[in-house]
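**Q** Sequence:
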Amino acid sequence: MNKFMTLAAAMMLTFGAQAADLQPGDSMTKMGAKHGRVYHEMNYDDGCKSCHDQGMRKRPSDTACLECHDRDDLAEATAREGDEVWQNPHNNLHYGKEVPCIECHGEHQAKRPLCLDCHTFKFDKHKQ
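When you line the sequence shown up against mature numbering (1 follows the signal peptide of the UniProt record, and there is no 0), it's residues -19 to -1, 1 to 109, in that order.
A couple of the hints might just be wrong.
[Said to hold, decoys possible] Lysine-lysine pairs mimicking DSS-like chemistry, simulated, CA-CA at most 30 Å apart:
1. Lys78 - Lys39
2. Lys30 - Lys78
3. Lys92 - Lys78
4. Lys92 - Lys30
5. Lys92 - Lys103
6. Lys92 - Lys39
7. Lys78 - Lys103
[Claimed, not checked] Listed next, with one range per pair, are the computed distances between beta-carbon atoms:
8. Glu48 - Phe104: 18 to 26 Å
9. Lys30 - Leu97: 15 to 23 Å
10. Val66 - Arg40: 25 to 33 Å
11. Leu97 - Glu62: 16 to 24 Å
12. Arg38 - Glu65: 32 to 40 Å
Quick caveat, the hints were computed from the structure, so don't treat them as lab data. Ideal Cβ placement from N, Cα and C applies to all residues, glycine included.
Kindly generate the complete structure, drawing on both the sequences and the hints.
**A** Have a look at this one:
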């Protein structure tokens, strides 16, 4: 019994320490399964259905993202000046404001921005 209690305490300390180190954008793991990132934890009252509006095995729709995020606000927040004005990931030369959110953003794992398939410029504040 004493060995069991020691093991249980060690596991609680280990997992508790991991949870305390989470930063915005980090994925959480519970019972071996990945869960949403910390910056969306306010949606967890509805569980995963907050984002997975089309079912758990499907990726979130843009409609789910736009329940909380506004395309115009995102475009304004990511606008660049001068010659780089067209490099706005939320209002760009190729797609305007209509590129699907999941093309650049992933909730459970980092994603490479769609633009980087052809371009080399950086988005320093990209939330993957």
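**Q** Which of the listed hints are not met by the structure?
**A** Failing hint: just 9.
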